[in-house]
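Chains as they are written, first to last, in my numbering: chain A, 19 to 80; chain B, 30 to 310.
FYI, nobody ran anything at the bench for these hints, they're computed from the structure. Virtual Cβ for every residue (Gly too), placed ideally from N, Cα, C. Where hints are given, some of them may not hold.
Claimed, not checked - Sample of chain B residues facing chain A (criterion: CB under 10 Å; computed from the structure):
1) Pro58
2) Thr123
3) Ala125
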Amino acid sequence: MAHDRCPHLDYRESSGDEEFETARAYCTVVDSFVEPMRADVCNARYGLDFGTDCEFYEEPEQ
Amino acid sequence: MSYESYLAGDPVVVTVALTGGVHGKEANPNIPETPEEIGAAAAACERAGASVVHLHARRPDGERSFETERFQRVNDAVRDATEDVVIQNSTGGTGAPLEERRSSLRTDPPPEMASLDMGPLNRYQHLTSENTRHTIEELGREMRERGITPELEVFNNGHLNETYRLLDQGIIEEPPYINLIFGGGTTSPPHPRNLLNLVDGLPEGSPFNVLGFGPHQLPLTTMAILLGGHVRVGLEDNVYYRRGEPAESNAQLVERIVRVAEELGRPVATTEQARGILGLD
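Next up, chain B with everything else stripped away, as it sits in the complex (with noise of 0.2 Å):
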């Protein structure tokens, strides 16, 4: 992945990240929560461009849930109302215990991608998504038993050695997807040449994604764009649309983002380009 990547046209995969867990319709109501609501959210991202839809599961009043049962519901709705998606459920979970975590990679049939983040990340002013080196291996390992490819979350750069120490375990197969994330607290600083800095970094032949946080989605996935990178877009990760205007459901920032690499010159992956690219196939 690389600048020639940019000029050879190559298609860009469009990921949408639908609802998310930390924030829900108190951030804004167009944030789909329930299984329904999602399916629906997922089949427009589908029309607009979108190949991946990253998933979370919720209770009926819109808090997490780690069990495989909402999440199965979640997946069932999205493969009724959308002609072929990728699936990739969440293993995040800021507090929650591995067993909890485990239960998104359950699901019948598994998804076909699931996160894997690769270390802490701090919540507030008291919470640490801790993510120690057994979680993620244990979760690793599930995910490479049951078939299904990771998304490498890389907070920050120094989430990079810990790819590299996984790449040398064996426990993620080589060329990993990785997922590089930028926003405040203890995300990459998001500003280009963090971002130029860690596309350097990657393992050779290694296919990227980008996701900002807030006002950082569209110019940092715009970047990504130009650097023969993929791209994360949806309301898990921001909730406007420009500067104090609400972004009115996931599909208007889906539809945003296909306009800019379609200008740029790069195609919008189908799915089953998307499968190749991430080497699903």
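Only chain A is shown next, with the shape it has when bound in the complex (with noise of 0.2 Å):
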């Protein structure tokens, strides 16, 4: 896997009208914020691979 981080992983600042003293996780495939424990896989921790073990995934258009 080329990258270290999922390619639709997104980390925003706020949501709506609420604001985060620090970004979270936001999945632009599934457009909503990801929970902390998928967050590993979008992040490619402890040997987790967003490509084969996010079943959102989708390959990034060339």
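With the hints as a guide, dock the two chains, each given alone in a separate frame, to form the complex.
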């Protein structure tokens, strides 16, 4: 895998009217904030691989 | 632990799982994530009747952390904010290697208790919290070396087999404190008859705790009170107070189960009583 984190992962500092002190993980495929445990997959931590361990991952268009 | 314990009015230990590591503020903005938020939540729950706090650590962005330093900050914040609660650190960690999962045992001082998963648990579509026998035994040995009492996490009835195996091997001491877990996936199917069967199969003299995920938190913990067991509530396991109504706080969930226990005639254990029941003296 060429990426060390999922290309669909975004970190956002707000949700609607709510501001976060620290930006939180957001998945642009499912358009929602990511559960903390899933974020380890998005960030390829502990040997997890977003290409195989995430059911929402999509190959980016070339 | 039995119906006779209920009839005798034995105290019930209330554990609160304050934060967890699976979901966060995206599921309910009232979930405490920072050490300061977790400390404040622990204090409110102690005032409401909880004597044990089950803890995870997070990064500043709410994601999971297995670093000893972050567990230390959470433990320190809880100790600073509370009068006297039992600290129980999690050693769970889907996808995380054994060395990461040991980190929560290495705070100074060590936690009085730590969770010890008894076997595999599926997560999502591709993940499994493997909890191999090697991992479980290594964590159990380190807990014993550090004087930490394990809470055995029995995700389903097959994990009682593993509990007996660990007892036979002398890795855990008798009587173990067992947490019976009910919900979806590979946890025990949440039904009263399954709780009865699991309680029937417990090692002789083992105190037990009940954890029900989501809508099963209230009915199955209530049933645990009637069966002489103990209870775990909190936003790690259930983010709603009732259907469609997000819980306002961990303390709100503690207050409810305390009312239930007292109405049913079981007083809520003080922390001193909880230490006696859990063998922490």
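Results for each hint:
no.: 1; hint: Pro58; verdict: holds, 7 Å
no.: 2; hint: Thr123; verdict: holds, 6 Å
no.: 3; hint: Ala125; verdict: holds, 5 Å
The structure meets every hint from the earlier list without exception.
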